[in-house]
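K.L.:
Throw the hints in and build the complete structure from the sequences for me.
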Amino acid sequence: MKITIAHLFPDLLNLYGDLGNIASLTYRMQKRGFEVCVKEYAIDEKIDFENTDIIYLGGGAEKEQVTVCTKLFEQKDEFENYISNDGVMLATCTGFEILGNSFETESETHKGLGIIDIKCVHGKERFIDDVIVECDLIGTTVVGFENHISRIFCGNIKPLGKVLHGSGNNGEDKTEGAIFKNLVATSLHGPLLPKNPKLTDWLISKILERKGESSSLAPLDDSEENAAHGYITDRFLK
Amino acid sequence: MKKIKNMIAIMVCKFLTFASKLMGKKGSSGPGGIALKISPTLLKDLSSQIKGDIIMVCGTNGKTTTNNLIYSLLKSKGKTVVCNNVGANMLPGVACAFINMSTVFGRMKADCASIECDEASLRRVVPHVKPTMVVVTNLFRDQLDRYGEIEMTLGYLDEAIAKVPDVKLVLNGDDPVSVQLGKDRKCITFGVDENCNVNVRESKEGRFCLNCSHELSYNYYHYSQLGDYYCPNCGFKRPSIDYGAKNVSMTDGISFDIDGKIKTKLSVNYRGFYNIYNILASVAVLCECNESCDGINSVFDLYKPQIGRMESFIIDGKQTVLNLAKNPAGFNQAIATVMTDVRPKSVLIAVNDAPSDGRDVSWLWDVDFEKLKESNAKNIFVSGTRKHDLAVRLKYGGFENVTVCETSRDDLKTIISSDGDICYMLVNYTVLFETQSNLKALEGGKSK
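Just so you know, the sequences run in chain order R and H.
Take 1 as the starting number for the first sequence in my numbering and just add one per residue.
Take 1 as the starting number for the second sequence in my numbering and just add one per residue.
Hints may contain errors.
What the hints assert, rightly or not - Capping the alpha-carbon separation at 35 Å, the derived lysine-lysine pairs in DSBU-like fashion look like this:
| hint | chain 1 | residue 1 | chain 2 | residue 2 |
| --- | --- | --- | --- | --- |
| 1 | R | LYS2 | H | LYS395 |
| 2 | H | LYS371 | R | LYS31 |
| 3 | H | LYS263 | H | LYS130 |
Said to hold, decoys possible - Selected chain H positions facing chain R (in silico; Cβ < 8 Å):
| hint | residue |
| --- | --- |
| 4 | GLU149 |
| 5 | LEU154 |
| 6 | ASN211 |
| 7 | SER213 |
| 8 | LEU364 |
| 9 | ASP368 |
| 10 | GLU370 |
| 11 | LYS373 |
| 12 | GLU374 |
| 13 | ASP389 |
| 14 | ALA391 |
Don't read these hints as lab results, they were simulated from the structure.
C-beta atoms are modelled at their ideal positions from N, C-alpha and C, and glycine is treated no differently.
P.N.:
Structure follows, in structure tokens:
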């Protein structure tokens with residue numbers, strides 16, 4: 001079976017080692033015998049939602065955030081359809097923020113794509129820390145690093161989990177990220193997926209479910225990944 | 001009253017520096033901070049006595065080397081130079097450097113100054129020390145959690161430079177990011193004027209035009225975002241170069257000709273393409289100080305690189321090379337240098353995540369470690385507090401010969417005695433000192 005990853009605008013959104021997320025998805029699908037195709041989109045290309053199995057939207061600097069949001073507005077309806085029809089997606093850092101109702105840069109407020117019910121307000125100080133999130137979705141913790149100035153408030157939408165260490169969405173309500181159908185959105189990088197193999201596998205299982213493939217994922221040897229994950233949890237939770 | 005305050009501050013600083021040296025600490029910045037608390041105007045009083053040039057060296061990579069080269073060059077011209085050559089590059093470290101060159105009565109015994117300064121700190125230093133020249137070696141993506149994005153660093157430097165409108169900028173003309181600072185300002189450039197085919201695949205930050213966001217094109221490309229660039233959209237392009245390197249040869253050390261405002265031949269026993277920039281910048285500064293280039297080759301020959309800059313050790317008859325690398329550009333350059341050595345080898349990569357290293361290690365995924373597969377590396381070892389992150393990184397990069405270890409003397413011995421004719425150790429900031437002292441001890445025959 002062939003699985004297509006749509007990597008949106010890697011030329012513009014390339015902060016924080018985001019390629020690691022693509023590497024993790026690719027590696028873990030290939031190990032399970034799937035053929036993986038990574039389609040890298042340039043900013044002037046139209047997204048082919050029809051032939052996409054998972055979308056990845058990463059983080060960029062403020063200027064790029066606005067450029068990308070403006071661009072995605074051109075295909076807003078198709079984007080919304082994709083998500084409401086259980087399309088799988090991972091959005092990290094500023095990629096998370098532009099999916100909400102609005103986001104703020106230093107001088108202006110911008111309209112977000114409105115795909116998820118979150119609001120982002122420009123804060124004073126950046127949240128910069130290692131983060132540990134208790135995540136019921138996968139029955140374990142998610143670890144990563146946050147570096148954002150936005151304060152993100154979830155409306156009618158579930159967070160990814162509860163913050164055990166770090167600031168999370170807004171430093172107030174102990175939430176981090178958001179989940180809506182098969183979309184996982186978070187401010188965490190690190191990059192996110194390599195150290196959280198269970199979360200990668202959750203995304204992969206949703207891809208397979210949507211493609212009508214019901215068999216469960218074969219376990220892999222995750223000793224390196226778990227050691228890297230454990231370094232963070234041991235350091236801050238013990 | 002002010003004089004007495006200054007005297008007390010100087011004495012406290014000198015005493016604390018002396019005491020911490022006795023205790024075996026580096027003691028290069030802490031005492032300076034205390035001195036400034038006692039007398040906030042002290043540094044201004046001292047630096048304003050300097051009659052000659054005051055040079056400040058900023059930039060992501062190469063600032064310590066460049067600054068120390070400038071210091072050596074000026075010294076060779078008979079100058080007495082204030083210099084923070086231990087790399088203490090924030091305000092307290094700068095204060096310490098000046099105090100060390102002052103009498104207890106607050107009189108400076110120096111002609112000029114060459115000061116390495118952290119990019120974010122420059123705006124805090126210039127109100128105390130007014131530079132006549134500011135050198136920017138390059139602006140690469142660095143420790144993200146300290147500086148945020150590259151535009152922010154640029155903003156800090158711009159803010160600092162705006163406070164000294166008369167300053168002469170010495171900029172890396174091959175860097176489309178650094179040259180932004182030269183807009184409508186007095187500015188001298190240096191660069192490598194020909195294609196040297198050194199490029200490796202790397203992260204692309206900065207390769208977009210900062211004026212119009214269009215992707216930059218390159219007539220030739222060196223590494224990171226450095227090269228002969230132009231923007232096909234708005235016409236922004238590499239400026240004309242005042243101090244350019246031509247006829248570059250890197251087969252045995254580095255040799256090249258400088259062409260432009262001066263003409264001279266250079267041949268040095270260093271390795272690494274990036275050193276061309278460090279040398280060019282220092283020569284440009286020397287010439288802009290109205291000094292001649294006579295005899296500079298011998299200064300470069302005598303210059304001893306800082307610890308961990310391709311520093312070589314012989315342990316149990318085998319050569320081990322230690323090199324500091326702090327960010328993707330630094331690691332990619334170190335890997336490129338390892339690649340020029342075809343011998344079978346073992347490679348150690350060690351990364352810590354202390355605050356001075358940068359706690360965010362996501363940049364490891366922007367390093368082109370995959371290149372090492374073609375480097376004849378028989379074994380790869382990973383270490384440092386983030387050893388497991390490195391192990392994951394290399395696993396997903398398709399490596400199978402990776403061993404997780406410590407940087408204890410025992411483990412270093414194991415690495416050195418593994419297969420291969422030479423051993424390369426690429427480490428980041430806080431790993432460097434511990435590893436260097438262990439290697440020194442091993443070289444001296446101490447294994448415990």
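K.L.:
Does each hint hold? Answer for all of them.
P.N.:
Taking the hints in turn, this is what the structure says about them:
no.: 1; hint: LYS2/R x LYS395/H; result: 23 Å, holds
no.: 2; hint: LYS371/H x LYS31/R; result: 23 Å, holds
no.: 3; hint: LYS263/H x LYS130/H; result: 31 Å, holds
no.: 4; hint: GLU149; result: 4 Å, holds
no.: 5; hint: LEU154; result: 11 Å, violated
no.: 6; hint: ASN211; result: 12 Å, violated
no.: 7; hint: SER213; result: 7 Å, holds
no.: 8; hint: LEU364; result: 6 Å, holds
no.: 9; hint: ASP368; result: 11 Å, violated
no.: 10; hint: GLU370; result: 11 Å, violated
no.: 11; hint: LYS373; result: 15 Å, violated
no.: 12; hint: GLU374; result: 19 Å, violated
no.: 13; hint: ASP389; result: 5 Å, holds
no.: 14; hint: ALA391; result: 5 Å, holds
Of the hints listed earlier, those the structure fails to meet are numbers 5, 6, 9, 10, 11, 12, in rising order.
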